[in-house]
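Below, each chain spelled out in residue letters.
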Amino acid sequence: MRYLVWCVLAWILATPARAELVIEITRGIENPIKIAVVPFRVQAGGLLDVDVARLIESNLERSGQFMRVDRGNMLSLPGPTDQVFYRDWRAIDAEYTVVGGISRVGGQLQVTYGLHDVYGERVLFTEQIPGSEDTLRDIGHFISDRIYEALTGIKGIFSTRLLYVSAERRSEKDQTFKLILSDADGGRPRTIFQSSEPILSPAWSPDGSRVAYMSFRGKRAGIYVQTLATGEVQQVTAFPGLNSAPKFSPDGRKLVLTLSKDGNPEIYVANLRTGELDRMTNHFAIDTEASWSPDGRSILFTSSRGGKPQLYLMNVADKSVRRVTFDGDYNSNGAFTPDGESIVFVHRTNERFHIARMNINTREMRILTETDLDESPSVAPNGTMLIYATSDEERGLLGLVSMDGRVRVRLPSVSESVREPAWSPFFN
Amino acid sequence: MNVFKQAKIAGLAAVLAVLAGCAGQVNQGGVDGAAGVDGSVTGAASDSASAFSAAEIAEFKASAMAADTLFFFEFDKSDLKPEALDDLDAHAKFLSADRNAKVRLEGHADERGTRAYNLALGERRANAVARYLVIQGVNRTQIETISYGEERPLSLTRDESGWERNRRVELIYQ
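Note that the protein sequences, when read in sequence, are chains S and U.
Each position in the first sequence, counted from 1, maps to that position plus 1 in our numbering.
Each position in the second sequence, counted from 1, maps to that position plus 486 in our numbering.
So that you can see chain U by itself, here it is in the shape it has in the complex (with noise of 0.2 angstroms):
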């Protein structure tokens, strides 16, 4: 288990690493190719019609309704935490085998620094979880991202504590 974590987290940074390089593109052009990075999912991420079964769905969708939505992050990062990765992968494996399931990513950040900065930095978090479900074979087209910045906390305890829940990403099924 952990080293199956390790190596999905080495995984990740070298994706993150490619994308980095072309990150203009990613939301458009980058998705194909980004796909075809995990070669896994390749065939699933490009078939309008479910390879699985009714009842495999349904298990998936299960998997993924117990499955975290909320991701958090360290001030002024967007980099995915390793321990968010189990239940974005619960989330991409019901979004791959379902083309229909829809999921809108709303990135957040905490009040500290300037507003029009954070709207920046919660838009960033949203894309990093949404490259990530890309990267484990979701379409682009299923999610919509938008970033509220600081304008939606979860907590107004004005210390770490409260900062803490607020720096995250909500993902919710539409």
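Isolated chain S, as found in the complex (with noise of 0.2 angstroms):
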């Protein structure tokens, strides 16, 4: 068996709503690291709505380098504060194991959990973090991290979120359009804007305090910037003509956007501040999705200017551009990874959309997904997984895929159809 295959349903447990997501592991890599998250043990007077040990295993295994062991198959279940037999998980074939408890102390949780390697035969780390049952999932998320940074070397991205559209589709000219907020696990999704016209490319601000995105205000277009604390819209412009895809600068006082209201789609720099516009291309061709490299000197942007859409890199400081893909007819909607060495981009071969990634110097380029449709690839903040949108025969659903390709997770909602998904930066 050339690749681990398991199939995994979790449903995520937290606040129900129609468009959340629901998690299904495809493929994993060959040797993952076996986990048992013992039940935390709940002393904390009544139920409570949050299983973390179940958060902390569902995270880590969605990462694909984790693989949990059944809680059905646990020989014991100590607490906290019990010893641990290693023999009892060296059995089921446990590398490490995490136990913990929750306590009400005073009007506060308190969570304890500690992190043993059972070949080792000793603790790894304990640690108590105070919290609240509104903060149990923060909490589980930031367990989780902590886990999969002390076996990984790796920050977790697990504390981080997303940015998703949803669409509720009655008909061709009744639709329902939601940009949606959720944990990086599809949890606890809230509705940040609704519309019945089309909302299109959320992008997180770098400090992940705002978002920027498409939407109509009556039947124009226009960008947007939102400040999630406060719900307060900033209209950045609402041109005749295309008004889209716009990206923060890394040092987010700019938006780079696609604006038409000089004939043809071009590329544009906004300050945020002054309202300041600087054109960046003139071309009669399309020129549109453009993204700043991780240092802000360049700017990745799709153009049909050589007759089919392909992917240029553009010298922010004297404007000049040159063409980075060759391999295909359609290169579209490309991002840089964290480390500034790679792109990942829409690719299409043999009649079918598929996410790549390529090295920026090298040129090799590798294909990551094997569905169709694909697009939207936005890259997590570690640099180790992408999130794309894809869809099956109904509907438009999200995807995770390592970036080497190996990992693939399918991440559907509930009822809706979803795309168009941004991940935040880390917030800590």
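Just so you know, not all the hints are guaranteed correct.
Unchecked claim - Simulated pairs of lysine-lysine, DSBU-like, Cα-Cα distance not exceeding 30 angstroms:
(1) U:Lys547 - S:Lys309
(2) S:Lys320 - U:Lys563
(3) U:Lys588 - U:Lys567
(4) S:Lys309 - U:Lys567
(5) S:Lys156 - U:Lys547
(6) U:Lys588 - S:Lys262
(7) U:Lys547 - U:Lys567
(8) S:Lys174 - U:Lys563
(9) S:Lys156 - S:Lys220
(10) S:Lys262 - U:Lys563
(11) S:Lys156 - U:Lys588
(12) U:Lys563 - S:Lys220
Think of the hints as simulated: they come from the structure by calculation, not from any bench.
Take each chain as given, in its own frame, and dock them per the hints.
Written out as structure tokens, the structure is:
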């Protein structure tokens, strides 16, 4: 068996919402770390809404680098202060064990947990985290990040957030579009903007406090920036024609975006404080889908100037442009990886649209996805995975794929068609 | 009829070639110049009072209302198809005769390819129809264009039979 294949359907326990995402791992790595997360012993007077141990094992498993040990196979269920008998865990092939408990101290909850190395027969670390019923999911994500980083050496992404757009269609001209903010696992979805007209291209500010997107107010498209904490909305542009594809600069002060107010779709940089516009391209072809390199010195964009959509890289200082994709007749919607060494983009091959990754210097390209109509790749801030939009026979859904293409996870919505995912930066 | 149609296609190709050269100005300054390309309609284009009788306008209107309002395109293309021209001519005749008539052109794309690119493609399709109408004598101010990209498909069928219905411009009288 070349790849370890397993199918898990983990329903995320949280506030039920129609556009909630479901996790289905379709492919993982060959030798995932086997981890047993013992149900946390709850001594908090009454039941809690969140099963923290389940949240942690689902998070770790979704990375593709871990495999859970089923609760039903556990020979003992130690609490946070109980002795852990390592032979119980060796017997069921667990390499690591997490034990924890939740107790009530005054009006607060206290979560205590420890990570055990089964074969080393030792505690790697223990920690106490104060919180409340409302922050239990945050605590579960935080613990997941701690364990992930301790065992892989890579910063975890479980406390990050996702933005995506859901669409409910009754007919061609009767649809409801929602911009949804959720946890990285799809939990706690909440609608932050809703419209009967399309919502496109949500993008995060580098500090995660604001989001930019395209929507229609009346019958005219515009670019808007919404502050998440207050809900305050700033209109950045609403010119005749296209106002589309905004992306924040790495310093958070500017947006690169597409306007066609001068006749053709062109790339502009808008200064968010002064409102000043700097036109970056001047070509009768389509120029759009611009995004910044992590150092802010280059802008990657899609252009049909060669007859077919291809990716081009612009030096921001002198606006000089060079073509970067040559393989295939449709390459579009590119974005840099956080290390600035690779780009991910939509690539058409054999009439199918996939997500591909290419080293910007060596031009070595790898197709990461096997689904069709794949688009909107958005890379996780730790650079290990990306989220993208794809479709099954009926509707749009989201997928995760590791940057080497080996781990694949489907994230269909419970009921609605979803698309346009954007992975947040780190918040800590 | 055939010869007439061929001549019209050749004329369209020539006009589009001219427009491509000055594409940057088509939306504003290009309007008058483009109308001038076709000598027969220059007078009507610059006059606000109609040169046609009420009976003639009613006749043009009847033909326009009977004409197709959906115009289709090839994948990743914004060139008008020859079969669109007769119907567009009927709309142009009515719009040039009645300067109070207004039309909205909604450009659309199929779901293949990326959404922001398809938004741009939908706009190019709407603009291609707008340019043709202007060349036939319609004032640019009578035309409103908007692109919905791939966001409002007519068909949800996920093969060429559905996609070809979705790569379209819808002409809607206001």
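These are the hints, each one checked on the structure:
Our distance criterion of 30 angstroms between C-alpha atoms is broken by Lys547 (chain U) and Lys309 (chain S), whose separation comes to about 39 angstroms. Restraint check for Lys320 (chain S) and Lys563 (chain U): the C-alpha separation of about 27 angstroms stays at or below 30 angstroms, so the hint holds. Distance hint between Lys588 (chain U) and Lys567 (chain U) is fulfilled; the C-alpha atoms sit about 23 angstroms from each other, no more than 30 angstroms. Of the supplied pair hints, the one linking Lys309 (chain S) and Lys567 (chain U) holds, its CA atoms being roughly 19 angstroms apart against a limit of 30 angstroms.
With a C-alpha separation of about 67 angstroms, the suggested pairing of Lys156 (chain S) with Lys547 (chain U) is violated against the 30 angstroms cut-off. Note on Lys588 (chain U) and Lys262 (chain S): the hinted pairing holds, with a Cα-Cα distance of about 21 angstroms set against a maximum of 30 angstroms. With a CA separation close to 23 angstroms, the supplied pair Lys547 (chain U) and Lys567 (chain U) stays within the 30 angstroms bound. Distance restraint check for Lys174 (chain S) and Lys563 (chain U): the Cα-Cα separation of roughly 24 angstroms lies within the 30 angstroms cut-off, and the hinted pair is therefore satisfied.
Taking the CA atoms of Lys156 (chain S) and Lys220 (chain S), the gap is near 44 angstroms; set against the 30 angstroms cutoff, the hint is violated. Straight-line distance between C-alpha atoms of Lys262 (chain S) and Lys563 (chain U) comes to about 21 angstroms, which keeps the hinted pair within the 30 angstroms bound. A distance of roughly 58 angstroms separates the Cα atoms of Lys156 (chain S) and Lys588 (chain U); the hinted pair therefore is violated under the 30 angstroms criterion. A distance of roughly 25 angstroms separates the Cα atoms of Lys563 (chain U) and Lys220 (chain S); the hinted pair therefore holds under the 30 angstroms criterion.
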